[in-house]
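Q: Residues per chain, in single letters:
2 protein chains.
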Amino acid sequence: MAGVTDIITLSHGDGGVLTNKLVRELFLKTFSNDYLDSLEDGVVLDNIPEKMVVSTDSFVVSPLFFPGGDIGKLAVCGTVNDLAVSGALPRFLTVSFILEEGLSLSRLEKVVVSMGNTAREAGVTVVAGDTKVVENGHGDGIFINTTGIGYLEAERELGYHTLKPGDKIVINGTVGEHGLTILTRQQNLGIGESLKSDCASLKDIIKGVLEKFTGIRIMRDPTRGGLATTLKEIADLSQKDFEIWEDKVPVEGEVKWVGEILGLDPLYLANEGKFITIIQENQAEEFTSFLRQHPLGSNSEVIGEVQEGRGQVLLKTFFGGTRPLNYLAGAPLPRIC
Amino acid sequence: MAGVTDIITLSHGDGGVLTNKLVRELFLKTFSNDYLDSLEDGVVLDNIPEKMVVSTDSFVVSPLFFPGGDIGKLAVCGTVNDLAVSGALPRFLTVSFILEEGLSLSRLEKVVVSMGNTAREAGVTVVAGDTKVVENGHGDGIFINTTGIGYLEAERELGYHTLKPGDKIVINGTVGEHGLTILTRQQNLGIGESLKSDCASLKDIIKGVLEKFTGIRIMRDPTRGGLATTLKEIADLSQKDFEIWEDKVPVEGEVKWVGEILGLDPLYLANEGKFITIIQENQAEEFTSFLRQHPLGSNSEVIGEVQEGRGQVLLKTFFGGTRPLNYLAGAPLPRIC
Numbered sequence: 001m002a003g004v005t006d007i008i009t010l011s012h013g014d015g016g017v018l019t020n021k022l023v024r025e026l027f028l029k030t031f032s033n034d035y036l037d038s039l040e041d042g043v044v045l046d047n048i049p050e051k052m053v054v055s056t057d058s059f060v061v062s063p064l065f066f067p068g069g070d071i072g073k074l075a076v077c078g079t080v081n082d083l084a085v086s087g088a089l090p091r092f093l094t095v096s097f098i099l100e101e102g103l104s105l106s107r108l109e110k111v112v113v114s115m116g117n118t119a120r121e122a123g124v125t126v127v128a129g130d131t132k133v134v135e136n137g138h139g140d141g142i143f144i145n146t147t148g149i150g151y152l153e154a155e156r157e158l159g160y161h162t163l164k165p166g167d168k169i170v171i172n173g174t175v176g177e178h179g180l181t182i183l184t185r186q187q188n189l190g191i192g193e194s195l196k197s198d199c200a201s202l203k204d205i206i207k208g209v210l211e212k213f214t215g216i217r218i219m220r221d222p223t224r225g226g227l228a229t230t231l232k233e234i235a236d237l238s239q240k241d242f243e244i245w246e247d248k249v250p251v252e253g254e255v256k257w258v259g260e261i262l263g264l265d266p267l268y269l270a271n272e273g274k275f276i277t278i279i280q281e282n283q284a285e286e287f288t289s290f291l292r293q294h295p296l297g298s299n300s301e302v303i304g305e306v307q308e309g310r311g312q313v314l315l316k317t318f319f320g321g322t323r324p325l326n327y328l329a330g331a332p333l334p335r336i337c
Numbered sequence: 338m339a340g341v342t343d344i345i346t347l348s349h350g351d352g353g354v355l356t357n358k359l360v361r362e363l364f365l366k367t368f369s370n371d372y373l374d375s376l377e378d379g380v381v382l383d384n385i386p387e388k389m390v391v392s393t394d395s396f397v398v399s400p401l402f403f404p405g406g407d408i409g410k411l412a413v414c415g416t417v418n419d420l421a422v423s424g425a426l427p428r429f430l431t432v433s434f435i436l437e438e439g440l441s442l443s444r445l446e447k448v449v450v451s452m453g454n455t456a457r458e459a460g461v462t463v464v465a466g467d468t469k470v471v472e473n474g475h476g477d478g479i480f481i482n483t484t485g486i487g488y489l490e491a492e493r494e495l496g497y498h499t500l501k502p503g504d505k506i507v508i509n510g511t512v513g514e515h516g517l518t519i520l521t522r523q524q525n526l527g528i529g530e531s532l533k534s535d536c537a538s539l540k541d542i543i544k545g546v547l548e549k550f551t552g553i554r555i556m557r558d559p560t561r562g563g564l565a566t567t568l569k570e571i572a573d574l575s576q577k578d579f580e581i582w583e584d585k586v587p588v589e590g591e592v593k594w595v596g597e598i599l600g601l602d603p604l605y606l607a608n609e610g611k612f613i614t615i616i617q618e619n620q621a622e623e624f625t626s627f628l629r630q631h632p633l634g635s636n637s638e639v640i641g642e643v644q645e646g647r648g649q650v651l652l653k654t655f656f657g658g659t660r661p662l663n664y665l666a667g668a669p670l671p672r673i674c
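Those sequence lines, one after another, are chains A and B. The opening residue of the first sequence carries number 1 in my numbering; numbering runs sequentially from there. The opening residue of the second sequence carries number 338 in my numbering; numbering runs sequentially from there.
Bound conformation, chain A alone:
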């Protein structure tokens, strides 16, 4: 983008010369493909199978760059993962930016390049986009919306209604890294300096298990609200109870002690490279062993089981007691994703 002003101005969002320049010299260059290059208002996708899955998310994470990722990587992985846990093969993304006047073009470029790399790795194509600019002080650097389309190829019936008592609950690794990494950076706490977000595309690992395991009931990614809130949502919607074994939930050492200092329970901290699987009892062990062979599943564990009930999540604590896990409440953890 040499020769252009090196900061984002309101004119970059007015649909004129500078918008055009930004689109051609940054977005088209980074995401280049036949769909996007057509520059039509609406892009035609063909050879679509009969069933597809759609998911949308806006990303407002602060700071824009953090150990383990940045808002661009997160915006791609977040939507790719939502499609993957729904049992779909992620295929297409739309990307829409809300930029703040005064943003440096080099920061934007870094984020866009990161999105391009992550999309390529995840095998998704950016087919449409949009850019708006708001005045300085009316936004915060970069907000990104991604909307994803995936193909539902296999006829798999995943969903809340498929859960049965005895089903096992599995997580593909340690929880809380993303949330705690962002929080400690937001507040410059000077602790947890080796913390790193787990932000990653789950497309490949999930594709692998969907092909191999017929007993998968449902998958969900425990992002905002963490493992506890996501489990509570599934329990509520399925009207089953879940028993969760605290000593089985993998938590990395630094997450544990930094969480303790800050009074934050890792079970309520966001993850961006984790998925919960509920699977029929007799496949749970093999499933967990299979996950452990994948780099994104090396710390996989069976952490609990489904019971008859009406939507409670009960944590069997280290000390042999039981406490209910409810939705995250009263501890606002802003701008985690």
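FYI, nobody ran anything at the bench for these hints, they're computed from the structure. Every residue gets a Cβ at the ideal spot worked out from N, C-alpha and C, and that includes glycine. Please note that a few of the clues may not be correct.
Said to hold, decoys possible - Part of the chain B face toward chain A, derived, beta carbon under 8 Å: (1) 469; (2) 471; (3) 574.
On the provided structure of chain A, position chain B as indicated by the hints.
A: Below, chain B without anything else, positioned relative to chain A:
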């Protein structure tokens, strides 16, 4: 939403209790349908035809409410219109909000209800959504992303490459209302008080003409950058020249004089209920007469024609002269949509 705090707090965006309450009591209530009610991370759409069209837009218009519409109506119409001008039948929308802490819940409710009504009128279903909240002073009330999916049912080949010399250029009415309405409100100029945005869903009128006229080459909605910028884009991409007859371009009286006072050319002001059609010569008159029978087309005019060339738009002025129309440049018109 009685009994809840009446302003948006950071907790409304943390994925916990308040997020859930907002989703259930406002979004699900307003947009209710089977897709959305499933509350899955990714929603399954089935019976999809082989070809579909996707379009995405973020909306940051300021003020949120204006004569003729509001950010909610605009966010639905904007994406619906992008699909319609692509020759698709708009079917599904995803909706994603970025809210500013401190926003009054009643303002949000008004916008969401307006979106619900507009979506119903346009016959599109809201199938997925997301809500994020940013701290006071890091956003501006409400930003909305909508991503739309339409079905390309008829096998119509619309596109830049189909243009031929002699083709006529048609607009379905007066230009500049939306842009000038927003600008005068943004700056509290106290003039143009009877100005009103033309914000409207073009789905029906476009469906009608697509069914009846086989000679349509391309359609585009002249939003940001106005009629002139959109024509220049089409000319550039098709590598044809366009001759535009200034005395044929419909401009409403108040837009003309307020534009003159402010030094703004209506040809460069945004529209939100207009579409340009390029159609083969021998169908242009009948097409224009047909449009005039529709409430959104009563001021339709043939405004110019396609000529051999390499991407110039030439305006034949009232005074018999010729001047080139280029992309909007140097006059930032912020937050029009």
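Q: Now tell me, hint by hint, if it's right for this structure.
A: Outcome of the hint check:
1. 469: Since chain A brings a Cβ to about 5 Å from residue 469/B, closer than 8 Å, the hint holds.
2. 471: 5 Å, holds
3. 574: Cβ of residue 574/B sits 6 Å from chain A, so the hint holds.
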